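Peer 1: Line by line, the protein sequences are chains A, B and C.
In terms of the working numbering, the first sequence opens at residue 1 and continues consecutively.
In terms of the working numbering, the second sequence opens at residue 1 and continues consecutively.
In terms of the working numbering, the third sequence opens at residue 1 and continues consecutively.
Just so you know, the hints here were simulated from the structure itself, not pulled from any lab data.
Among the hints, erroneous ones may be present.
Derived SDA-like pairs (lysine to any residue); straight-line CA-CA distance at most 25 Å [claimed, not checked]:
#, chain 1, residue 1, chain 2, residue 2
1, B, K27, C, A129
2, A, K165, A, L142
3, B, K27, C, M73
4, A, K293, A, T205
5, B, K27, C, K24
6, C, K24, B, V14
7, B, K27, C, N25
8, B, K27, A, A613
9, B, K27, C, L99
10, B, K27, C, N28
11, C, K24, A, H602
12, A, K165, A, E545
13, A, K165, A, R112
14, B, K27, B, A95
15, B, K27, A, T598
16, A, K293, A, H454
17, A, K293, A, I98
18, A, K166, A, I273
19, B, K27, A, G611
20, C, K24, C, F6
21, C, K160, B, V14
22, C, K159, B, H98
23, C, K159, B, V82
24, C, K159, B, V14
25, B, K27, A, Q366
26, A, K293, A, W518
From a predicted model like this one, the values you see are computed outputs, not experimental measurements.
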Amino acid sequence: MNPVNTTLLILLLPLFSATVIALGLRRQGAWAAGLATAVAGAIAILSWQLIFSGQRNFPAAWEWLRLGDFVVSLGFKFDDLAALMLFVVSFVGFLIHIFSLGYMRADAARARFFGGLSIFMFSMLGIVLADNLFMIFIFWELVGFSSYLLIGHWHERTAAAEAAKKAFIVNRVGDFGFLLGIIMCYWSNGTVNLTALGAQHVPSTLIALLLFCGAAGKSAQLPLQVWLPDAMEGPTPVSALIHAATMVAAGIYLLCRINVLMVPDALTVIMWIGTLTALYAALCAVVQRDIKKVLAYSTLSQLGYMVAAFGLGSLTLRHEMGGVVHEMVVATGVGAAMFHLTTHAFFKALLFLGSGSVIHGCHHEQNIFKMGGLRAKMPLTFITFTLGVLAIIGMPGLAGFFSKDAILYLALEKNTAVFAVLVFTAVLTSFYMIRLWKLTFWGAARSDHAAQAHESGFTMTLPLVVLAVLSIIGGYAGFFSRLAGAVADLVPEATGAAHSTILLVSLGVMLTGASGAWLFYASAETDSLEGKFRLGFRGLTGLKESFDRLYTYYVAKVQQRLAMLLNFIEQIFLAGLLIRGLGGVVTLIGYGARSLYTGSLHTYVYWFLWGTALLWAFAVGIF
Amino acid sequence: MIVDLQHYLLLSAVLFVLGFFGVLLRKNTLVIYMCLELMLIAATIALVAFSHFNDTLDGNVFVFFILTIAAAEVAVGLAIVVALFRQRGTVQVEALNHLRH
Amino acid sequence: MANFLFYFFALLALVSAALVVVSKNPVNAALGLLLSLVGVAGLFVLLHAALLAFVLLLVYAGAVVALFLFIIMLLDTRPEQSKPLPRMTLIAATLGGALLVVGVLSLNQRAALSAGGAAVTGPTLKHYAEQLFTTYLLPVQLVGFLLLIAMLGVIVLSKKSDQAEERS
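Please work from the sequences and hints to get the whole structure.
Peer 2: This is how it looks when you write it as structure tokens:
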């Protein structure tokens, strides 16, 4: 089948599934689940075929809307970057569909859930395959909508509804900047087609930063990161799919797509925002009690890593070939970010699904201080979860090690301050992940739910196993280069002295953080940190609240007051003076006209007389 | 003094004004009507005077029409007055103020 | 002689008109109208429009005034009570009247009106007929229609609503 048709099929199958579920299968949860999963499987197979057929950059564009000179077209840009992202989205998506079969079996609104998943797949694939910024924006908004649907799946709970609203609104703020950036890009360059922009464009810091706003909203960077922790109100498969592996990665993907538009000043800003986000999130994660919240902050932190990597930008590599020194500028920022995105998708999805399995086993208990001793009760989950934890903290040999090293090497080469912060963040990462691991699986069971936990069913453990395998092999050059093609060439590889430095640093980081957490935290009902460093603990918890409090203050005080002022002005001038005033004038005229009807014949005759006099005067020429 | 067009016109004007006063000042509908007829007559005098002093026939012929129309108007008007009287029991103009706001 | 007759008939017309306007009894007013018509007929004769004078007397004095008297008798109106006229009315009326007089007279100060048609002195019935059936044919037809409509209107207006009376 020709590649354009395959791509179209990949894009439209989930839309078809969503439509069928929405129109016909509202009550039939099992059928909806089956259909959505089958479609996800079909997408995975088709994507596999498309990626490994080697066809790239085939022409596929259709004109959609034309207003004079302005044209909005829809099309596909299938280069190596898109192929890599397509693999991640379709494969991880399929595994999560399978997981949801088991996890959501007892849910009453199962059909709505799977319909939402299908719509999400459609929107995400649209972003992956799009060839121009307008099309990306359309699917961007659709992804935001799917996220809203799925976060608020259990909408009867106020917290879930509020979280969905918050996610959507914060995303919207970022999208506003994104839209401004697109418009400015169109205005400066006359086109928003990515290939055309790659060929020729006008460099502009403002456009780059505005487009970054969209990425900041979607990938939850400072200051728009407030929605991601709250989004954990959604079911765990949603957290795994959307808020770990794919949707939040869309921001990174967008940045890589518009890499051609970046200028050094914008990259510096992006780098620092990413770094600070990574640090901030890691600090917040240390004091969380909910297993999913820890993973959410971990996601935030890793996203910060990716954004920082992108911001670190390109390296000039020198090759010596046959006595001649070649210098090449390689877009290492893109390479490092995409590498980490891929490995992160694998192990974060694994961690989330594992936590889902844990939550399901403990009958929806999410507080890690009420867990414990699950190592014996849920062995398969324990093993796969451990592999995920090791991957994220950078155990040599696993996927996370390679991708994190690439980023650290890039930071070492380009900006030592960022390197220092990222290293410290890595320490924190090991610290809180081992804390989570220990408190959840080790020690004695600290509640009845944990004591009676049981291993999850086949549909839930199979994806865990597959993802664990991917977490192991995902980082190796052989696997990744076959998958990513040209993108793999962009990944920075340390050589010589730098190589040893990075290796030692990452080992040291991992061991420091891990041992610190293992020794520090006792298997108890309360947080040991809270007991020993009360002030520090309170400071760290306050760190999370601060942004929320700031935004609430702004909305409640500033925005409300402005709205009240505008309302006042509107009431007085528009409603009062103009509208009611006009009405009043017309009423007065009406009163005046009405008073002519006296009912007295003599009065009317007088009016005749005066009218005649006037006409006569006019005829004579007085006026 | 030779009686000129001016005299006839002055007469016509005064008759007209007298009729007008009647319309303004009387309260009986029928009398108002009669004053209206006076005004018509004044107009006919003027017409005939003009046609006489300009040696044409147009004014005279026009008087025919005025007479016809006056007759028709009187018939219809009086029929209305009679119908009103049946409703109101009076022909005083002040009582006929039902179209007041 | 002609002057004297003019003044006589003019005075008759004016005094009778004043009588119409002033008298309290509507029957007196009707008779005043009659006298005024007689005066005007005389003026017509002075203006060499004898046919018109007779037509005036026949139609106006004979039919219209008679009709007025019938209706006055039918409606059995009482003589008006004389209420003192409000001052405003008198002022406004005087002003209006003065305006009218000035207006009518000023017409004659303008350029002389053009004399149209053939010059005829001492018109006879034949002349009238000529005009009526050639130049003024359309107005004649229209006036005929007008009379028809007036007649119909009067019949409808003066009909007592029999159905309403049968039911009540």
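Peer 1: Sort out which numbered hints this structure fails and list those numbers smallest first.
Peer 2: 1, 4, 20, 21, 24 and 25
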